[in-house]
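Student: Sequence:
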Amino acid sequence: MFVPVAARFNKTRVWLDRAHDNDVYSALWGNMLYSRYGVPYADVNRWRSSGLQWGDMVIAATIAKDRGVKPDVVLTSWKKSKDWNKVWKEHPGKAKSEAAKGKGKPGGSPGKGKPGKGKGGG
0 MFVPVAARFN
10 KTRVWLDRAH
20 DNDVYSALWG
30 NMLYSRYGVP
40 YADVNRWRSS
50 GLQWGDMVIA
60 ATIAKDRGVK
70 PDVVLTSWKK
80 SKDWNKVWKE
90 HPGKAKSEAA
100 KGKGKPGGSP
110 GKGKPGKGKG
120 GG
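Heads up: the sequence shown begins at 0 in numbering that gives the first Met the number 0, then just goes up one per residue.
Nothing false has been slipped in among the hints.
Calculated cross-link-like contacts (lysine to any residue; reagent style SDA-like; alpha-carbon spacing at most 20 angstroms):
1. K85 / D71
2. K78 / G50
3. K88 / V68
4. K69 / D82
5. K69 / R35
6. K88 / V57
7. K79 / V68
8. K88 / D55
9. K69 / K79
10. K81 / G54
Derived from the structure by calculation, the hints contain no laboratory data.
Work the whole structure out from these sequences, hints included.
Tutor: So this is what it looks like as structure tokens:
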């Protein structure tokens, strides 16, 4: 069967564009994970080659940073349960201790004093 040169060229071009897009996505996500969470690019490559999605990597890095553990520990927990809420509860960290101290609670007291006194109370 004869395939026109233009058709063969377009198939090759589309394939190269997809490969290039994957490289760009990997570079962007890898850079973000390193700059925000300190995840080495080698870990990102290892996770991607094991089939992990970008969103799962970001969630794992976020939990790891917040809870003070390594992302691999978080990912191991997630692979067992496939439930990020369980993983979040399984790794107590600084977020839990700050809540116990009263920091970061919604609806906390804005300050002492009578309403109408001070800045913006008027």
